[in-house]
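Protein chains: 6
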Amino acid sequence: MTEPAIILINPNSTQAVTDGMDRALMALRHRGGPPIRCLTLAEGPPGIETDRHVTDVIGPLLRLVERLNAQALAFIDACFSDPGLAELRQASDKPVFGIAETTYRRAAALGGRIGVLSIQESSLARHRRYLEALGLSKHLAGDRPVGLGVTALGEDAPRTLARLIEVGCRLRDDDGAASIVLGCTGMTPYRDALEAELGLPVLDPVLTTANAALATLAR
Amino acid sequence: MTEPAIILINPNSTQAVTDGMDRALMALRHRGGPPIRCLTLAEGPPGIETDRHVTDVIGPLLRLVERLNAQALAFIDACFSDPGLAELRQASDKPVFGIAETTYRRAAALGGRIGVLSIQESSLARHRRYLEALGLSKHLAGDRPVGLGVTALGEDAPRTLARLIEVGCRLRDDDGAASIVLGCTGMTPYRDALEAELGLPVLDPVLTTANAALATLAR
Amino acid sequence: MTEPAIILINPNSTQAVTDGMDRALMALRHRGGPPIRCLTLAEGPPGIETDRHVTDVIGPLLRLVERLNAQALAFIDACFSDPGLAELRQASDKPVFGIAETTYRRAAALGGRIGVLSIQESSLARHRRYLEALGLSKHLAGDRPVGLGVTALGEDAPRTLARLIEVGCRLRDDDGAASIVLGCTGMTPYRDALEAELGLPVLDPVLTTANAALATLAR
Amino acid sequence: MTEPAIILINPNSTQAVTDGMDRALMALRHRGGPPIRCLTLAEGPPGIETDRHVTDVIGPLLRLVERLNAQALAFIDACFSDPGLAELRQASDKPVFGIAETTYRRAAALGGRIGVLSIQESSLARHRRYLEALGLSKHLAGDRPVGLGVTALGEDAPRTLARLIEVGCRLRDDDGAASIVLGCTGMTPYRDALEAELGLPVLDPVLTTANAALATLAR
Amino acid sequence: MTEPAIILINPNSTQAVTDGMDRALMALRHRGGPPIRCLTLAEGPPGIETDRHVTDVIGPLLRLVERLNAQALAFIDACFSDPGLAELRQASDKPVFGIAETTYRRAAALGGRIGVLSIQESSLARHRRYLEALGLSKHLAGDRPVGLGVTALGEDAPRTLARLIEVGCRLRDDDGAASIVLGCTGMTPYRDALEAELGLPVLDPVLTTANAALATLAR
Amino acid sequence: MTEPAIILINPNSTQAVTDGMDRALMALRHRGGPPIRCLTLAEGPPGIETDRHVTDVIGPLLRLVERLNAQALAFIDACFSDPGLAELRQASDKPVFGIAETTYRRAAALGGRIGVLSIQESSLARHRRYLEALGLSKHLAGDRPVGLGVTALGEDAPRTLARLIEVGCRLRDDDGAASIVLGCTGMTPYRDALEAELGLPVLDPVLTTANAALATLAR
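In the order they appear, the protein sequences are chains A, B, C, D, E and F.
In short: position in the first sequence from 1, add 563, done, that's the working numbering.
In short: position in the second sequence from 1, add 563, done, that's the working numbering.
In short: position in the third sequence from 1, add 563, done, that's the working numbering.
In short: position in the fourth sequence from 1, add 563, done, that's the working numbering.
In short: position in the fifth sequence from 1, add 563, done, that's the working numbering.
In short: position in the sixth sequence from 1, add 563, done, that's the working numbering.
One should not assume that every hint holds.
Unchecked claim - Distance ranges between label pairs, derived from CB positions:
(1) D/Gln578 <-> B/Leu625: 44 to 50 angstroms
(2) D/Ala605 <-> C/Gly739: 33 to 39 angstroms
(3) D/Asp737 <-> C/Cys732: 47 to 53 angstroms
(4) D/Asp737 <-> E/Cys732: 32 to 38 angstroms
(5) D/Ala688 <-> C/Glu718: 51 to 57 angstroms
(6) E/Ser685 <-> F/Ser700: 27 to 33 angstroms
(7) C/Cys732 <-> D/Glu629: 24 to 30 angstroms
(8) F/Leu687 <-> B/Ala696: 54 to 60 angstroms
(9) E/Arg722 <-> F/Ser700: 41 to 47 angstroms
(10) D/Ala605 <-> F/Asp719: 58 to 64 angstroms
(11) F/Glu718 <-> B/Ala696: 36 to 42 angstroms
(12) A/Ala633 <-> B/Glu695: 39 to 45 angstroms
(13) C/Ala696 <-> E/Ala633: 48 to 54 angstroms
FYI, nobody ran anything at the bench for these hints, they're computed from the structure.
Being a predicted model, the structure only gives us computed values, none of them experimental.
All residues carry an ideal CB built from backbone N, CA and C; glycine is no exception.
Produce the entire structure from the sequences given, and follow the hints as far as they go.
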């Protein structure tokens with residue numbers, strides 16, 4: 564008699580990242596709606612940084628989704644590479660949301676073109692291929708790396724914020740972005756300051772996707 | 564000291580259509596959040612059915628948005644042709660949502676391809692051009708007219724439902740649609756029965772967009 | 564440390580019916596309030612269609628209510644015959660709601676007389692006896708069968724809607740009904756279209772009762 | 564562009580009574596939903612205590628309801644005599660709730676028979692006629708006056724509570740009441756203590772009716 | 564995959580007291596937000612009435628908090644003596660709220676001085692020491708015992724209400740209190756009547772603290 | 564028939580500051596509850612920086628509160644100096660919240676000592692006197708200026724964040740603060756990043772006070 568829930572799965576195995584997502588979703592819980600549970604994929608790597616990482620988590624993700632399907636209202640694949648999204652959608656009869664796809668589409672629906680703040684140079688090709696596949700290439704104003712790894716984002720906050728603002732300004736001013744997508748959940752704590760500074764909507768993928776899942780279930 | 568609100572504008576001048584939207588949004592009001600006000604564009608035609616109609620309402624829409632901008636949290640351009648969406652976004656510093664764009668993107672974010680239920684043959688070219696402009700062409704499974712005008716939709720409900728199911732089935736079975744978008748707000752009362760029958764998510768543009776506006780403001 | 568909940572029990576053993584109720588209650592969960600759990604009575608028949616069916620489920624219902632009493636805030640006896648309602652109220656110190664009684668009373672409180680849409684001729688005598696027992700006989704405008712069995716309701720949706728509208732119009736026009744009660748949960752997906760068509764409040768028993776249970780607990 | 568609201572009308576002209584109702588509805592406002600506005604009928608007597616009072620307010624009530632109809636989602640006729648309820652329902656196309664009718668029906672839906680706490684002996688015949696008209700006579704366990712006028716209820720709280728408990732116990736023990744209806748809004752502050760003491764549901768008419776109106780609109 | 568919750572611990576072992584708290588928190592659950600679970604400390608005495616009682620429950624409280632820490636969003640130490648509050652805060656990395664401290668501070672934030680309704684003479688010195696420790700001594704208008712033990716509060720409700728009003732009036736009139744704090748959870752059912760009578764805010768510690776915990780988590 | 568509301572008054576005349584507060588309160592509006600309106604005191608200086616400024620706004624504040632009293636549920640005096648708080652409480656029969664007092668008390672209720680982030684050296688004496696008056700002096704871990712004026716806070720965000728973290732660390736490590744109070748509403752956008760970095764609760768005065776006002780009204 565477990566209450567059915569929206570189940571968010573963090574495909575990396577770092578519990579602290581899952582805890583951060585869980586904390587960020589508290590405000591949504593205060594708006595009523597079904598429970599949102601945040602799970603960590605035990606078999607995942609500490610961080611998903613390469614194409615190989617993306618491929619490797621698909622099998623374990625599938626098994627977890629199959630096991631939890633009966634108690635899920637919806638699933639959130641909470642990695643910005645949306646690993647295995649197509650496969651998960653075939654494995655479950657519940658809606659499955661990828662945080663990158665959902666956030667890119669919300670940004671596009673706000674009008675204007677999208678700026679993406681990526682962690683590293685190496686993400687750009689993957690993002691480009693994905694936007695291509697989503698049919699959103701022409702909505703992209705620019706995708707620029709801040710040049711800081713996942714853990715580095717949290718190490719020196721003012722430097723991180725400075726980099727985010729600096730790169731965000733170039734997305735806004737040089738590339739003509741009308742909204743900014745945070746390309747890594749490690750950027751979440753800087754969203755408010757970045758939005759205040761840039762004067763553009765700044766979208767956090769986890770919050771944006773959880774809101775979309777709630778809205779879909781409420782349909 | 565008027566409470567700021569999400570302002571939905573029905574660009575046609577038929578108050579009964581606005582009332583229907585207002586009624587459909589009641590459930591969202593029960594979820595808290597800011598007020599949602601539904602206005603009728605006095606200068607609009609009774610229904611927006613031609614490209615000329617679309618063009619003609621842009622000016623009056625712009626003037627209304629400019630006049631209400633200070634008391635708006637966001638605007639919803641509540642016609643499935645999203646008339647003047649780009650112009651409205653330039654006229655206001657608040658988010659402006661088009662119900663077609665928002666719903667197409669939400670449908671795309673659910674995965675799989677989109678089936679559109681249109682009123683008439685004559686809408687198809689306009690839809691195709693718009694999906695092209697949005698970069699969503701390849702997400703389209705099919706767009707099929709039910710062959711009933713706006714007022715006809717409400718005249719003989721079982722016939723309408725039968726046509727919606729018949730055409731919906733072809734979108735699902737022949738075209739491979741994984742979700743259905745209702746291409747006219749006159750189809751709203753049939754959503755539940757259609758979804759039960761088709762076994763696919765059926766998206767109503769007004770509800771979907773109001774949910775998206777609430778989620779964006781809650782960011 | 565299970566969260567106490569409103570427990571709805573579907574006295575027939577068809578899980579799909581329970582799932583449909585669960586889905587219909589999602590909108591209420593978005594309004595906050597305590598959890599609502601939907602259970603299937605394993606010992607029930609696939610559908611409750613005869614007086615014998617009604618009698619046979621009372622024993623299993625009683626045992627289930629006794630077993631779950633400590634974790635319940637309230638119970639909902641989710642069959643339109645309200646099987647064993649009096650006995651369940653004696654077995655539990657929590658409020659026990661019958662969906663027929665609650666919906667009849669809500670309809671009566673709206674003013675005007677009540678029209679009931681029944682599945683089959685054979686239900687009418689049972690309904691009449693029940694309204695008599697509730698003291699609501701004189702509030703009845705009419706009770707008319709649509710002549711479709713439970714499963715038939717879902718088989719040909721336009722035919723079902725046509726029958727519901729046809730019979731609903733006679734309840735409204737010939738019998739003078741000011742509100743309509745859906746006498747079977749298989750009619751739920753047609754509520755919106757029926758209400759739009761008839762221009763009268765159309766009450767779905769499961770939603771109406773869940774709302775009443777929430778309001779009572781919130782007292 | 565006034566936000567449509569549930570409009571409660573206090574048919575007596577004592578603003579302090581309206582304020583008390585407004586205060587009691589605050590908890591419901593915290594649950595989201597449309598605005599609830601509380602108005603005082605300027606033309607009413609200070610308190611509605613006689614059949615003549617009931618008759619005299621019907622005309623002014625009708626005019627107020629007609630004037631406010633366009634901005635109302637529903638009306639609440641907030642006097643326990645439900646003055647002019649039938650007439651108001653004819654004057655408005657919105658749901659009109661009488662607080663006595665709604666509360667009696669909710670109490671009946673809880674199962675068991677109803678005990679009514681009345682102010683004075685003189686109310687009993689009116690209540691009896693009304694329950695007869697509602698078809699609820701046989702649900703009445705008893706109706707007992709506490710023998711205190713409206714203003715006296717607030718003058719000596721412990722005496723009032725003592726009388727409410729004393730009479731409530733007789734409703735419960737001698738008359739077999741399974742729930743208690745408060746027959747005067749001046750009894751509202753004692754509801755919690757009375758419910759704790761009697762161990763039965765104690766229904767306040769204003770809260771019960773506002774909850775029913777919200778639930779109906781959310782349908 | 565238990566949903567994380569606010570965990571209230573009743574340090575006395577009387578389940579009926581815990582049930583009363585659980586019931587009083589229902590209205591807050593209707594406002595959304597995370598679950599609130601109410602537990603009874605099995606090792607506690609039936610009531611916490613002496614300094615020795617306060618000391619004895621600290622060890623069991625600590626062990627319980629340590630065991631539940633991973634599934635808690637916050638803890639509420641639900642005894643007006645805030646037993647072991649400092650120790651619990653060291654044992655957990657989650658916010659730990661004492662109901663006395665939280666309520667005293669909320670009362671102080673309302674402006675004016677605070678009146679405390681205590682059960683017995685013997686509580687006064689403990690309260691005084693605690694207010695001293697909290698730096699709130701000068702906010703105290705007065706602390707007056709009603710002279711009724713915990714169980715006596717529920718035995719003769721009108722007498723209890725009379726005593727609460729009598730002592731409350733002296734706090735208001737002789738001591739100049741601008742708000743009243745209920746010094747025992749057995750006084751909860753009288754809050755509304757007392758507030759209506761005194762015309763001052765009357766704060767119930769359990770409700771006040773649960774509201775503060777929700778607000779803090781929502782920050 | 565204006566809906567009664569919580570009225571926040573920004574005592575400085577800078578509309579952009581009021582708009583920022585209004586924006587920050589959006590999340591609370593999504594939790595239901597009464598409207599919250601944000602007003603600007605036309606007669607105030609652009610910023611309240613000196614004791615003279617504090618004194619000068621009291622008269623205009625009083626007149627505004629008197630004028631709006633009938634439509635207010637509560638007032639929030641939204642300047643960290645709580646100008647005229649005692650006088651406002653005498654002028655209104657509604658609860659009046661000062662954002663400094665409310666936030667200091669909430670911080671104290673979290674346990675441990677409080678660190679305050681002030682703008683400039685010159686605020687320290689005023690804060691000290693105020694904490695003294697509130698009886699909270701001994702709860703102060705430390706009060707340290709970041710050395711940036713109100714407008715400077717927004718000019719160079721990374722520098723501001725760096726200063727906030729640097730000074731926040733000293734409050735935490737050298738002074739032993741267990742929670743941090745933001746001493747200026749210009750610091751709001753940095754709250755999340757600061758909380759993530761420091762690992763301590765960081766309280767924003769406007770949000771904290773609005774939450775407290777909602778909780779008090781919901782009592």
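Going through the hints against the structure:
1. D/Gln578 <-> B/Leu625: 44 to 50 angstroms: holds (45 angstroms)
2. D/Ala605 <-> C/Gly739: 33 to 39 angstroms: Cβ of D/Ala605 to Cβ of C/Gly739: about 36 angstroms, so the range 33 to 39 angstroms holds.
3. D/Asp737 <-> C/Cys732: 47 to 53 angstroms: holds (50 angstroms)
4. D/Asp737 <-> E/Cys732: 32 to 38 angstroms: holds (35 angstroms)
5. D/Ala688 <-> C/Glu718: 51 to 57 angstroms: Holds - the Cβ-Cβ distance for D/Ala688 and C/Glu718, about 55 angstroms, lies within 51 to 57 angstroms.
6. E/Ser685 <-> F/Ser700: 27 to 33 angstroms: holds (30 angstroms)
7. C/Cys732 <-> D/Glu629: 24 to 30 angstroms: holds (29 angstroms)
8. F/Leu687 <-> B/Ala696: 54 to 60 angstroms: Taking Cβ atoms as reference, F/Leu687 and B/Ala696 lie about 58 angstroms apart, which means the hint holds.
9. E/Arg722 <-> F/Ser700: 41 to 47 angstroms: holds (43 angstroms)
10. D/Ala605 <-> F/Asp719: 58 to 64 angstroms: holds (59 angstroms)
11. F/Glu718 <-> B/Ala696: 36 to 42 angstroms: holds (40 angstroms)
12. A/Ala633 <-> B/Glu695: 39 to 45 angstroms: Since the Cβ atoms of A/Ala633 and B/Glu695 sit about 41 angstroms apart, the hinted range of 39 to 45 angstroms holds.
13. C/Ala696 <-> E/Ala633: 48 to 54 angstroms: holds (52 angstroms)
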